[in-house]
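S.K.: One letter stands for each residue in the lines below.
4 protein chains.
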Amino acid sequence: MKNKGTMNTRISSLFQKSKRPFILIAGPCSIESKEQIYQVTEILTEENLSFLRGGIHKMRTNPHSFQGLGEQAIDIIKNLKDSHDFNFVSEITDPRQIEVLSPIVDIFQVGTRNMYNYELLKELGKQQKPVLLKRAFSAKVTEWLMAAEYLIQSGNEQIILCERGIRTFETSTRNTLDLSGALIAKEKSSLPVIVDPSHGTGKSSLVTPMALAATAAGLDGLLIEIHPEPEKAMSDGYQSLNFIQFKQLLKQLRKILASVDRKIESGFFYENFPDRDTSERNKENIQLHSS
Amino acid sequence: MKNKGTMNTRISSLFQKSKRPFILIAGPCSIESKEQIYQVTEILTEENLSFLRGGIHKMRTNPHSFQGLGEQAIDIIKNLKDSHDFNFVSEITDPRQIEVLSPIVDIFQVGTRNMYNYELLKELGKQQKPVLLKRAFSAKVTEWLMAAEYLIQSGNEQIILCERGIRTFETSTRNTLDLSGALIAKEKSSLPVIVDPSHGTGKSSLVTPMALAATAAGLDGLLIEIHPEPEKAMSDGYQSLNFIQFKQLLKQLRKILASVDRKIESGFFYENFPDRDTSERNKENIQLHSS
Amino acid sequence: MKNKGTMNTRISSLFQKSKRPFILIAGPCSIESKEQIYQVTEILTEENLSFLRGGIHKMRTNPHSFQGLGEQAIDIIKNLKDSHDFNFVSEITDPRQIEVLSPIVDIFQVGTRNMYNYELLKELGKQQKPVLLKRAFSAKVTEWLMAAEYLIQSGNEQIILCERGIRTFETSTRNTLDLSGALIAKEKSSLPVIVDPSHGTGKSSLVTPMALAATAAGLDGLLIEIHPEPEKAMSDGYQSLNFIQFKQLLKQLRKILASVDRKIESGFFYENFPDRDTSERNKENIQLHSS
Amino acid sequence: MKNKGTMNTRISSLFQKSKRPFILIAGPCSIESKEQIYQVTEILTEENLSFLRGGIHKMRTNPHSFQGLGEQAIDIIKNLKDSHDFNFVSEITDPRQIEVLSPIVDIFQVGTRNMYNYELLKELGKQQKPVLLKRAFSAKVTEWLMAAEYLIQSGNEQIILCERGIRTFETSTRNTLDLSGALIAKEKSSLPVIVDPSHGTGKSSLVTPMALAATAAGLDGLLIEIHPEPEKAMSDGYQSLNFIQFKQLLKQLRKILASVDRKIESGFFYENFPDRDTSERNKENIQLHSS
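Protein chains in written order, with the working numbering: chain H, 23 to 313; chain G, 23 to 313; chain Y, 23 to 313; chain Z, 23 to 313.
In case anyone wonders, no lab produced these hints; they're calculated from the structure. Don't take each hint at face value.
Note: identical chains are not told apart, hence a pair may lie in one copy or across any two.
Claimed, not checked - Below 27 Å or equal to it, Euclidean Cα-Cα: the simulated DSS-like pairs (lysine-lysine) are: (1) LYS273 x LYS41; (2) LYS225 x LYS39; (3) LYS277 x LYS254; (4) LYS151 x LYS285; (5) LYS148 x LYS39; (6) LYS210 x LYS56; (7) LYS210 x LYS269; (8) LYS210 x LYS225; (9) LYS225 x LYS41; (10) LYS225 x LYS273; (11) LYS41 x LYS285; (12) LYS162 x LYS225; (13) LYS56 x LYS100; (14) LYS41 x LYS269; (15) LYS41 x LYS103; (16) LYS39 x LYS254.
What you are looking at is a predicted structure, and each value in this text was computed from that prediction instead of being measured.
Turn these sequences into a full structure, and let the hints steer you where they fit.
M.R.: And the structure:
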């Protein structure tokens, strides 16, 4: 039986410098329905992957764009956790969301537009959960590390940095994925640095090559947007992989990782549900309705 | 006697497109002491200027840098309002600060790093006070206008846009002040657009020429950092004007404005202190101590 | 009668730091026909302006775009010089063009894409004519000054620097006109620095406000694209002023210049045609045919 | 015996889209001495690599910096070609250099600052030699492809595109290596696209990881700065690999290439020396076979 109540040993190795496992986080931009997220979780389980991402409250430039399912998404994840093992990664955009998100979120994601939101960072610094700190698309590496310093100063050293593309003059890609900046962040800190080639390129055709590039460069993991039907996604479909593309990516990725004696992490955080007895789950029983 | 309890008529003209008055906001980056802010306010009064800026909670990239006086600055401003007339402009960095800042702040400033903080914008959209919305240094004009749209959607149309420099490859200035971007924002919206040449250039020697440039271009106002002794300022001294420089700027500015039949706005907001009887004030009596 | 054979005294004051005259260069992007350039020259004469620009060999990103009239344009200018007084400013893109352009060009323009073409700069450094050195849209101010240094090292100190917008992430304007960068170039060198708001913004509606801004900032001149019928121009029509707009600009410009006791330069270079007797000209006699 | 007088078949496969060989070009930034370039060539021979780079005329921002050995370097390479087989890649900065460089240069490199030098491109378009066209550090991918179009229009389709980093706001690296831009260039054209991680990052510690990244992304080759003693290099030493580092890179590179069934190209161009009888050479009996 698994270690409950504290972060398990393997996961905590994420935050140690030597022989770091490779972190693969995948999932849709937004949680859109029970079915959608169930299908994604099934794929992760099949592939022995342990980090699911999914947006609850979306940050959208345009206030008229889809803003996420909110409360409803929280219930969907709560139910899904009864039947499936996964570490749930989701964005937080306001200190006042901590209370409602804490029961289901295992890793708080700070999005690119909130990297400079120091009040939010100070609050997350007081939490016991890891924080995935995306680089602002306008941030120099030193500013990104300073944002991490806000978390550390407030007491939280469980930080995963995530490069997701910077804003440049080039317009043929949504952003310019700055792998060398990510390497500098690794050189200058002791933190794991992962890469998001989905936002980093904004083009599904570039996700796989740039994911492999990040891996060959020695970075610590990937955040990949996947969707059962990208062409029908409510946000970011143009940069999401479908399941077939994702499985092909995994195959190539494992080849490169094997060649440098590295593996994808497959452990779980359990401190959120210390009383949960995972042996009682019955995955067959999950009810799926459109919502 | 002045109109109390509601915004006076002249000020509301800020938000009308034709024959807009010119908005001149000046003050130190951070409120550092009673004396400092008193001296600044005296200069504004002398020059018949009605907008004082001053930082209470500072956004600093480095968590170890001076973060502002906080509570103490609030008391300083509260006392100063008993003896002086001014509209107080100050930055808000967290929705939870609205309650404590509301009694003294007449215009909420949203800083460059919070332009994408949509949760903050939604809360400010519910307030009755004008919002000075700085452009993120990484924001396209369309994103800046979208951020304004978050305020408007939540009910607040009293918005002053403020261009403060964008991040480019050029390193000889702190930022690149984008006057043509500011003009586009004016073209595409009905909002007043002012310019902050202090942050926009990061060099006191460039503040006056760029302030005059913005004025000649037909923009609607300026935000200028001034300090009694810039070389001793706790933040941003290198881009602040001293009082002599500021008075020289005003002289040149008034010449350009006169040539296009425009004037600096000198009215006040009063809805914050509906019961205050300004006739009772005794400016002579103010006690100044180091704090 | 005018000073022949050497640069006249007033013009040489362009290259002295104190009390510099204001340089106004205007003309079409490309010379398209005898009529077009004749009409432009007439306007300049009417307004007592002495610098005409016009492209002979155009630098075009797309090799299939209009590349300029070449030889034919040279003849047009040669003829026009018989009847009109003007200093002709035109772009040179290859050291091998010096011989053919020298008889008609009074100021060699080095375009934004050639600022780094050091072989070209070394050759121009050996010429006796002033060089208008545009900043590369990607150049830091220090690199721009280094390019000027290539000219100076080769013997030519008659340099006019020209800011014409830098490439940034902002896409609502063609470039971001960097007035503060231009001011830094002025601070760091003893060279005159002028501004091209036509390329700098890429939008005719922004040309006038940004031209006034540059003037109010204390810069040394302007390069303005004008065209008898911008909507029919073979290149850059969208950023060219028509004659009515140009005259309005001049009116506002002169007001700002007067307020700082400055004037538009109206002198001529004559070293190109030492034998020419300008008294013999008969402007009435010019024959205009389409060509 | 080898095919003389025309490009051999294997090399021409560089310019075919399917099953392209991987191009590895290595050498010092500048040719500094006979010994230096001899040592480098020996390493290439040992590793069965066929492309040597070396600067003859250097483009330097500062006119007072080392500008290359010029004539002397030409003699060095001429002599070296008598004893060694290699394709020599060197930068050309002026159309007037074609004549003197043609006898020794097998691939003309157009540097980042000359990508917009269309007069140079038109001349190179008339040559029979391949052109390595570096992306301007300020060029959008579409502009880079347009520059290639200038070559193609003039008759030369033997083009190798080379991504070498773009200029962004990030200052912790010399440039931002834009691998996704390179992939877009590959998608949109039928040309091979290689990557220069030396200039792309400006830091020797980043050269190997970014070289592996480019390879894993599926790009077509690398341009690597190597030097016998980088710390003593007259230019760019801080971004050059020493021989030990280079050999380690090759080892890792071959592993990744093998995993995708790709090989480093080891053939030679011979059209430059149609009369040379390579059978007469005696440099330790080197055996050259197609592989």
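S.K.: State for each hint whether it applies.
M.R.: Tested hints:
In the homo-oligomer, the alpha carbons of LYS273 and LYS41 lie at most 27 Å apart both inside one protomer (21 Å) and across protomers (21 Å), since each shortest distance falls under that limit. With identical chains, the CA atoms of LYS225 and LYS39 are at most 27 Å apart between copies only, with a shortest distance of 22 Å across copies and 32 Å within one. Taking CA atoms no more than 27 Å apart as the test, LYS277 paired with LYS254 passes in neither setting, with 31 Å inside one copy and 39 Å between copies. In this assembly of identical chains, the alpha carbons of LYS151 and LYS285 lie at most 27 Å apart only when taken from the same copy (23 Å versus 46 Å across copies).
With identical chains, the CA atoms of LYS148 and LYS39 are at most 27 Å apart within one copy only, with a shortest distance of 23 Å there and 46 Å across copies. Within a single copy, LYS210 and LYS56 get their C-alpha atoms no closer than 41 Å, and across copies no closer than 39 Å, so neither meets the 27 Å cut-off. Taking the closest pair of Cα atoms, LYS210 and LYS269 come within 27 Å of each other only across two copies (26 Å); inside a single copy the shortest separation is 33 Å, beyond that limit. For a Cα distance limit of 27 Å, the shortest separation of LYS210 from LYS225 across copies, 14 Å, qualifies, whereas the shortest one inside one copy, 30 Å, does not.
Taking identical chains as interchangeable, the C-alpha atoms of LYS225 and LYS41 lie at most 27 Å apart only when they sit on different chains, with a minimum of 24 Å there against 32 Å within one chain. In this assembly of identical chains, LYS225 and LYS273 lie within 27 Å of each other by CA distance solely inside one copy; the values are 20 Å within and 32 Å between copies. In this assembly of identical chains, LYS41 and LYS285 lie within 27 Å of each other by CA distance solely inside one copy; the values are 10 Å within and 30 Å between copies. Taking the shortest alpha-carbon separations for LYS162 and LYS225, both the intra-copy value of 24 Å and the inter-copy value of 17 Å come in at or below 27 Å.
Taking the shortest Cα distances, LYS56 and LYS100 sit within 27 Å of each other inside one copy (11 Å), while across copies they are farther apart (52 Å). For a Cα distance limit of 27 Å, the shortest separation of LYS41 from LYS269 qualifies both inside one copy, at 25 Å, and across copies, at 24 Å. Within a single copy, LYS41 and LYS103 get their C-alpha atoms no closer than 29 Å, and across copies no closer than 47 Å, so neither meets the 27 Å cut-off. In the homo-oligomer, the alpha carbons of LYS39 and LYS254 never lie at most 27 Å apart, since the shortest distance is 40 Å inside one protomer and 33 Å across protomers.
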